[in-house]
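Chemist: Protein chains in written order, with UniProt numbering: chain A, 1 to 194; chain B, 1 to 414.
No lab work stands behind these hints: they were computed from the structure.
Misleading hints may appear alongside valid ones.
No farther apart than 30 Å at their CA atoms in a straight line, the calculated lysine-lysine pairs in the DSSO-like style are these [what the hints assert, rightly or not]:
(1) K223(B) / K186(A)
(2) K151(A) / K262(B)
(3) K179(A) / K253(B)
(4) K17(A) / K92(A)
(5) K92(A) / K13(A)
(6) K4(B) / K92(A)
(7) K67(A) / K92(A)
(8) K179(A) / K96(B)
Owing to the predicted nature of the structure, the values given are computational and were not obtained by experimental measurement.
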Amino acid sequence: MPPFHSIFNQNEKEPPKYPMACGMPILPLRASAQRGPAPVNAIEQDIVDEAINYYRANVLFRNFDLKGAADKVLIYLTLFITQALQRARPTKQECANTWSSLAIESFVLPGDGSFALAGYITAPAQQRELDTIRLYLQQLRAEVCVRLLEKIYPAPVPASPTSSAQVTFPDFRVSHPSKWWLQFAKHRFLNKAL
Amino acid sequence: MAGKTPIVIDAGTGYTKLGYAGNLDPAHIIPTVVATRDTSKETTLRRQPGLEDLDFYVGDEVNAHKTTHLPMFPIRHGQVEDWDLMERFYEQALFKYLRCEPEEHLFMMSEPPLNTPENRELLAEVMFETFNVKGMYIANQAVLALAASSASNEHAPRELTGTVIDSGDGVTRVIPVSDGCVIPGSIKSIPLAGREITRFIQEFQREREPGVVPPEDAMEVAKNIKENQCYICRDLVREYQRYDAQPDQYFMKYQGQQNITKRPYTLEVGYERFLAPELYFNPEIFSTEYSTPLPDVVDATILSCPIDTRRSLYRNIVLSGGSTLFRNFSRRLQDAVREKVDARVHRNEELTHAKVTPIEVNVLAHPLQKFAVWSGGSILANQEQFVRMCHTKEQYDEVGPSLCRHNLTFTSAC
Ligand SMILES: Nc1ncnc2c1ncn2[C@@H]1O[C@H](COP(=O)(O)OP(=O)(O)OP(=O)(O)O)[C@@H](O)[C@H]1O
Ligand SMILES: [Mg+2]
């Protein structure tokens with residue numbers, strides 16, 4: 001069981017299935033709001049889905065043993081989700097604005113002295129790798145924001161016929177970020193922050 | 001020797017269970033706490049129970065006298081640490097709760113797995129000298145828990161061999177027992193149990209909604225939620241998805257009322273329902289110091305036992321104590337231990353190319369689990385042979401406390 005690992009991990013002895021940047025695979029996405037180095041393929045669950053689905057479990061852990069290079073992307077995104085939740089806004093619209101700049105505006109890149117995951121993600125070797133990693137991380141961050149927004153401000157859930165209408169918990173019909181997600185932003189995964 | 005019904009006492013870190021042999025449940029469950037007046041440190045209570053210094057409270061009464069009396073806990077991590085306090089506690093337990101005449105009864109007393117002979121002597125002094133009991137037998141808690149499982153579960157073996165997992169308030173222990181005797185070098189302890197689970201719920205809720213629960217009620221509320229609404233899941237991620245898909249099936253609420261002002265409040269209860277009992281399977285979430293999951297500890301414990309006992313120890317893993325009552329505890333533990341055992345068997349087979357007889361792994365839940373130690377004591381003390389197993393007051397007067405260093409062994413539950 002936990003922590004949960006990416007299914008995109010592969011046996012290190014085999015030749016890499018995906019192009020690499022800073023020791024991380026450039027994985028396909030099932031959808032991408034922003035263009036970037038990651039191709040868009042018809043796959044069922046991509047690394048962004050994994051990061052969001054595993055988040056509430058994995059963020060509780062202090063250790064994470066890498067089972068492959070894709071796990072590096074997973075832990076980067078896990079820390080990014082925490083950062084995004086910490087900046088969530090009272091309404092969905094405001095949050096969307098805040099997050100769209102959070103996703104692409106200047107952020108610390110691998111190789112920088114203050115990069116939190118220096119022990120996991122290596123520095124780029126040349127300018128071209130630096131450009132690739134910047135665009136890749138931007139693409140991933142933007143996609144996390146788009147999908148996470150729908151999770152933490154979910155569409156109203158109709159009350160099930162068995163429960164009486166006024167005692168439905170939690171009340172997802174109002175537009176404020178779900179406290180059931182926000183509370184995890186207080187946990188420090190791996191004791192690190194981006 | 002038809003005498004009065006024996007009395008059974010299981011004193012635990014959190015609660016002391018007491019009652020009469022032959023019953024399934026204890027008659028009284030009293031928090032193991034004594035509150036004495038802050039200033040009366042010089043008065044000592046000795047030898048004359050009931051006559052002097054009645055200025056102390058035990059159990060549930062302690063709460064009402066918090067302003068004048070200081071609550072103190074005689075037992076820590078299962079072991080009696082303050083015998084003066086314990087003596088006061090027993091005094092009220094016997095005279096106020098059970099209202100018995102100790103000189104007319106035999107006593108079945110439980111002791112923690114690694115009790116010292118010195119502690120047995122101290123218990124003997126209190127029981128025989130202070131309370132004048134007619135006779136006493138000291139039994140290991142793990143052996144009693146096995147007896148309870150064996151007597152209440154038709155699938156459990158009759159002989160007292162198995163691995164006991166006792167998780168109460170202060171510690172979780174894994175104790176292998178063979179033919180009624182604990183295998184001493186192999187006992188393992190985990191410093192986490194019910195108290196930490198309660199604390200986790202309290203913190204997790206405060207983190208989500210600070211200020212909903214009045215701070216003075218917070219622990220009690222968390223404990224109620226733990227005992228009534230928590231359960232063990234199979235897989236964390238899958239469980240979160242269930243809550244996402246059907247929120248009104250899984251999120252619950254807790255109605256509370258402030259103790260003093262009676263102001264009502266409503267608390268929502270969510271993921272803590274299944275996260276809190278993860279203590280046993282992912283202790284890393286709860287502690288920076290301790291990270292070995294319970295299934296690994298169980299496996300390591302049994303592997304450290306003599307080879308000819310291992311199969312029977314895997315076959316009869318028995319749950320005991322209040323904190324093992326979470327729904328699905330036995331199933332998840334059984335799956336996890338079985339997976340480890342099967343993987344090892346498989347590796348061995350690949351290395352040696354020899355077929356190994358499969359190892360049977362059973363984790364048994366049973367109806368007497370909550371008070372397993374007490375109930376096991378009740379069953380054994382109700383047996384005809386119990387009279388012969390006890391040390392008597394006459395023997396004690398002749399030999400002294402050292403008499404009680406050793407006790408005969410029960411080898412089967414019936
Ligand atoms: N239904 C329940 N579900 C979960 N926990 C429970 C339940 N009922 C009681 N508990 C918890 O069990 C603990 C008490 O168990 P128990 O009486 O076995 O402990 P103890 O004997 O006092 O302690 P120890 O064995 O550590 O010395 C408390 O933490 C209590 O909250
Ligand atoms: Mg106990």
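Chemist: Just pull the numbers of the violated hints for me, sorted ascending.
Modeler: 2, 4, 5, 6, 7 and 8
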